[in-house]
Each structure stands twice: as C-alpha cells, then as structure tokens.
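Chemist: Chains as they are written, first to last, in my numbering: chain D, 60 to 187; chain C, 3 to 388.
Calculated from the structure, these hints are not laboratory results.
It is possible that part of the hints are untrue.
Stated by the list, open to error - In silico DSS-like pairs for lysine-lysine, Cα to Cα no more than 27 Å straight-line:
no. : chain 1 : residue 1 : chain 2 : residue 2
1   : C       : Lys275    : C       : Lys363
2   : D       : Lys155    : C       : Lys157
3   : C       : Lys231    : C       : Lys359
4   : C       : Lys268    : C       : Lys387
5   : D       : Lys107    : D       : Lys163
6   : C       : Lys387    : C       : Lys275
7   : C       : Lys267    : C       : Lys387
8   : D       : Lys86     : C       : Lys157
9   : C       : Lys387    : C       : Lys363
10  : C       : Lys157    : D       : Lys163
11  : C       : Lys366    : C       : Lys227
12  : C       : Lys260    : D       : Lys111
13  : C       : Lys260    : D       : Lys86
14  : C       : Lys260    : C       : Lys275
15  : D       : Lys111    : C       : Lys157
16  : C       : Lys227    : C       : Lys275
17  : D       : Lys155    : D       : Lys111
18  : C       : Lys231    : C       : Lys387
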Amino acid sequence: MKIRSPRYHREVAQRYRLEAAQTESGKIFFPPRVAYPGGETAKPVVLKDTGKVLTFTVIHTPPAEYSDLSPYGLGIIETDCGARLLAQIVDCDVEKIEIGMRVKFEFRRMRTEGDEGLLCYGYKVVPE
Amino acid sequence: MREVAIIGVGLHNWGELWDDSLRDMFVTAATNAINDSGVDHIDSMYIGCMSGGLFAAQEHLASLCADYLGATPIPATRVESACASGGVAMRMGWMEVASGLSDIVLVSGVEKMTDITGDEATFALSTAADTEYEGYQGVTFPGLYAMMARAHMAKYGTTIEQLSQVSVKNHANGALNPHAQYPFAVTLETVMNSTPVADPLRLLHCSPITDGAAAVILAPVELAKTKYKNHPMVVIKGSGHATDTIALHSRDDFTVIKAAEIAGKKAYEMAGKKPEDIDMAEVHDCFSIAEVMATEALGFFEPGQGGPAALRGDTALDGSMPINTSGGLKSKGHPVGATGVAQVIELTSQLRGDAGKRQLKDPKVGLAQNMGGSGGSSVVHILEKR
Numbered sequence: 060m061k062i063r064s065p066r067y068h069r070e071v072a073q074r075y076r077l078e079a080a081q082t083e084s085g086k087i088f089f090p091p092r093v094a095y096p097g098g099e100t101a102k103p104v105v106l107k108d109t110g111k112v113l114t115f116t117v118i119h120t121p122p123a124e125y126s127d128l129s130p131y132g133l134g135i136i137e138t139d140c141g142a143r144l145l146a147q148i149v150d151c152d153v154e155k156i157e158i159g160m161r162v163k164f165e166f167r168r169m170r171t172e173g174d175e176g177l178l179c180y181g182y183k184v185v186p187e
Numbered sequence: 003m004r005e006v007a008i009i010g011v012g013l014h015n016w017g018e019l020w021d022d023s024l025r026d027m028f029v030t031a032a033t034n035a036i037n038d039s040g041v042d043h044i045d046s047m048y049i050g051c052m053s054g055g056l057f058a059a060q061e062h063l064a065s066l067c068a069d070y071l072g073a074t075p076i077p078a079t080r081v082e083s084a085c086a087s088g089g090v091a092m093r094m095g096w097m098e099v100a101s102g103l104s105d106i107v108l109v110s111g112v113e114k115m116t117d118i119t120g121d122e123a124t125f126a127l128s129t130a131a132d133t134e135y136e137g138y139q140g141v142t143f144p145g146l147y148a149m150m151a152r153a154h155m156a157k158y159g160t161t162i163e164q165l166s167q168v169s170v171k172n173h174a175n176g177a178l179n180p181h182a183q184y185p186f187a188v189t190l191e192t193v194m195n196s197t198p199v200a201d202p203l204r205l206l207h208c209s210p211i212t213d214g215a216a217a218v219i220l221a222p223v224e225l226a227k228t229k230y231k232n233h234p235m236v237v238i239k240g241s242g243h244a245t246d247t248i249a250l251h252s253r254d255d256f257t258v259i260k261a262a263e264i265a266g267k268k269a270y271e272m273a274g275k276k277p278e279d280i281d282m283a284e285v286h287d288c289f290s291i292a293e294v295m296a297t298e299a300l301g302f303f304e305p306g307q308g309g310p311a312a313l314r315g316d317t318a319l320d321g322s323m324p325i326n327t328s329g330g331l332k333s334k335g336h337p338v339g340a341t342g343v344a345q346v347i348e349l350t351s352q353l354r355g356d357a358g359k360r361q362l363k364d365p366k367v368g369l370a371q372n373m374g375g376s377g378g379s380s381v382v383h384i385l386e387k388r
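Build the full structure now, drawing on both the sequences and the hints.
Modeler: In structure tokens form, the structure reads like this:
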C-alpha cells in the first residue's frame with residue numbers, strides 16, 4: 060500500500076475536530092458536502108461529542124490494518140445533536156456493548172498507512 | 003419500447019479456479035450463451051464487473067472481453083455498481099434492445115476474486131462502502147450487515163436461528179445445483195456454531211469469495227418468435243433500479259433496504275404484477291440477514307416476518323414462496339459482478355423447465371433482486387414465461 064497523504068489531509072478537519080455542516084432545515088451532514096438535497100445551503104457546525112449507540116457489531120475477522128485490535132466493537136452512533144456516524148467503541152468489554160449505550164467521542168490513533176507508516180488519527184467512542 | 007426476450011444463457015463453472023483467468027471465464031460463459039441461443043452474431047455487449055483492477059489488475063474490460071471473444075469492433079461497455087454490477091448490466095442490455103438501438107445484445111458478468119490474498123479481497127470488497135467514513139473505521143461488509151441484523155433483531159425480534167435457517171435452506175438448494183461452489187447441505191447446528199465473523203453473524207451466514215462468469219443473450223420478442231426458437235420463450239416484463247446513501251449510517255432506518263423496495267415497486271409497476279403474482283425469486287443473500295430484508299422489501303412478507311417465514315420453511319423449494327432455488331449467493335457462490343446475471347439465468351432455467359433436481363412445478367413468473375454494497379444500489383427484474 061502506497062502512502063496517500065493528500066487523501067488523508069483532506070479529511071483532517073472532520074476526523075480531528077468533528078467539523079460538519081447544518082442546512083437551513085436543521086439536518087446535519089457529516090462530513091460537509093459541496094451541495095445539499097433540495098438546493099439548501101448549510102453553515103459549518105461542530106458535532107456534539109456525546110451520543111448513543113443505535114446498532115453495533117463486534118468484529119472478529121478484521122481488515123488487515125486493524126488485525127491487532129480484534130475483537131473490537133463498532134457501532135453507528137447518534138450524536139446528541141442528531142448526526143449519525145460510524146465509530147469504533149473502545150475502552151470497554153465488547154460483551155457489555157448494547158443498543159442505547161451512552162458514549163463520548165475521543166481523539167485516537169487509528170492505524171498506520173502505506174509502506175512509509177503514515178500515522179493516521181481520528182475519532183473513536185468510549186462509554187460516557 | 004420493444005418487449006425483450008432472453009434467448010440464450012451460459013455459465014462458466016464457479017469456485018476457486020486457479021487455472022482459469024478472468025478473460026477465459028468470460029469467453030466460456032459468453033460462448034455457452036451464444037451457442038444456447040443459436041445467434042450467428044451479436045450487435046453489442048455489456049460486462050458487469052465490480053473491480054477488475056483490484057481483484058485481477060485489469061481494467062478496460064470492454065476491449066479485453068470483445069477482443070478475446072473475437073467480437074471486435076462491436077461496442078462493448080463495462081458496468082460497475084459494486085455487487086449489483088451484473089444486474090445493472092442486465093438493465094443496460096435490456097434498455098438497448100427495448101429502445102431499438104440493437105437487436106442482439108450479450109449481457110455478461112464476471113469476477114476473478116481468488117488471485118489475491120483474503121486480506122486484499124476484503125479490502126477490494128470494502129471499497130463498495132464509504133472508504134473514508136466506513137472503511138477507515140475498520141468495518142467490513144460482514145460488519146455492516148451485522149449491524150443491520152442487530153437492528154432487525156432489536157426491532158422485530160428476529161432470531162439467530164431464523165437467520166441460520168436461511169443458510170441451511172440455501173445450502174439444501176445449492177446441493178441440487180451442479181454449478182454451485184459449495185454444493186452440500188449444512189445443519190442448523192453447524193451454521194450456529196461456525197466461526198464468529200462479526201457478531202451476530204458467523205461464517206456460514208456469509209457468502210463466499212468466488213471466481214465465476216455468467217452471460218445471457220437478449221433479443222426483441224418479435225425477432226425471437228420467428229428466428230430464435232430453441233427454447234420456451236422467457237420475456238423481461240419489468241426492470242427497476244434505485245440507489246440509496248453509500249454509508250449505512252446515513253440512513254433513517256437500518257432494518258429496511260429502501261433501494262430494493264423502490265427498485266421492486268418500479269419493476270412490479272412496469273410488469274403489471276404484484277408480489278403475490280411471483281412464483282419464485284432469486285434475491286441477493288450476500289448475508290443471511292440480507293435475504294430476510296430483501297424478502298420483506300419486495301413485499302413477499304410483512305416487515306419483521308421474513309425471519310419467521312424462513313424458519314417455517316415458506317422460502318424452501320417446496321414452500322409457498324421459493325427463494326434462491328439456485329442455492330443463492332451463500333451456496334452457489336458470489337463472484338460479485340457475475341451474480342446479477344446468474345440470478346436471471348436461474349430464473350430462465352426454472353421457467354424453461356431446465357432446472358434439473360431443483361425444478362419447481364411449472365413456474366410462470368420469477369423475480370431477481372441484485373444489490374450493491376450495504377444496499378446503496380439495487381436492481382430488480384421480473385421475468386415471465388410466454
């Protein structure tokens with residue numbers, strides 16, 4: 060795998076700071092987009108860093124770059140401002156994860172990329 | 003628009019085929035379909051393939067496939083919609099014949115998945131999800147469908163036993179299919195105790211990695227009536243196609259596959275049919291929960307009733323609504339780009355009365371539902387015996 064630093068660079072604001080966008084009608088889009096349904100405009104917002112688990116799984120057969128973390132929890136999280144995103148659920152017993160569980164976002168190291176070992180960061184959630 | 007008939011079908015064997023290349027598998031399936039139909043030429047062709055590049059280091063399949071079939075300079079188009087590539091290729095071919103642009107069109111699907119390691123194949127498949135916001139978080143396709151299964155269980159009380167019965171039923175059907183990759187029966191206990199992959203899904207709730215190719219020949223009904231009379235005529239009565247968000251987490255409801263529901267409605271409307279008019283269906287059971295959700299989205303069962311129906315045996319070969327008589331993706335195999343075309347071949351074989359040991363009693367109407375990613379795209383075709 061080759062290093063793809065420009066591709067990584069483009070996602071930094073979203074992954075490091077949870078930067079999103081909210082349309083006039085109130086819907087939050089994460090990540091922000093170039094255009095919004097119905098021709099609405101949107102203003103920049105930052106996601107609330109707390110929320111709850113809507114559904115989840117525990118990955119036993121991981122992709123290669125996460126093989127040292129297996130088994131790990133992964134869930135679709137609804138933030139307290141109503142945005143939905145996928146995140147690893149860490150720092151807890153995977154057997155104890157359940158729908159409705161309260162979680163908090165944290166800035167974490169995700170993986171290394173490419174032969175050069177680019178360090179990649181982003182968000183994961185932990186029990187609140 | 004002209005009515006379109008399926009006048010020829012052809013498969014290459016499916017499996018882990020180290021001796022067979024992408025181009026050779028395509029040519030075998032295409033040649034079998036051409037011979038089955040009796041045509042002496044084709045006007046145009048479509049090739050459904052998800053990722054010749056990542057799986058086999060080969061793009062530009064339009065030129066490659068036309069070249070190795072000896073069909074240049076006819077127009078050829080490679081179609082990609084992840085695991086729905088074959089189904090979308092069917093729709094493109096159908097449109098070309100229906101519109102009057104071409105008379106004889108070859109529609110094929112091919113995928114060569116085992117030239118690379120399991121990790122590389124997992125990565126290639128994961129590109130059907132949102133690479134930056136799903137793949138980056140470490141999710142796999144079993145993981146995405148596992149989250150749908152968990153939500154379905156929480157909302158409707160669907161059980162792991164019900165999901166496991168889907169795999170048992172599909173393996174029972176596949177055991178009767180000489181083209182299946184895994185043509186053997188499995189017990190409920192074996193499925194429920196197989197290796198955990200992504201909770202609550204285990205290995206035997208997941209379709210395999212497969213090499214394979216499939217092809218059909220399309221022609222206008224009026225021409226088929228007079229010139230291509232090798233087989234009982236099978237007509238494409240309806241075609242529906244829809245998309246949804248690429249990321250599962252962007253959807254309002256994780257328990258319904260909306261793209262399949264909308265594609266189904268469009269196909270029913272065009273065909274003038276209702277769910278109760280369908281005698282059999284091939285649905286996209288990439289994971290057992292996907293079959294349950296597809297049978298609900300297509301209106302065969304009420305939301306939440308797909309699991310109980312599978313456990314009761316309603317979807318078995320001798321049930322009231324046979325689903326995946328071929329063995330489905332689970333037992334027959336899932337060379338992603340070829341799957342949508344092979345579903346249409348199974349229906350055609352059943353409608354012709356050529357399905358051997360798994361032949362249903364005189365089916366008249368069949369439905370094929372093919373799906374990309376976690377439901378980000380879906381295609382439905384309704385076929386009728388004329």
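Chemist: Hint by hint, where does the structure go against what was stated? Just the numbers, ascending.
Modeler: none
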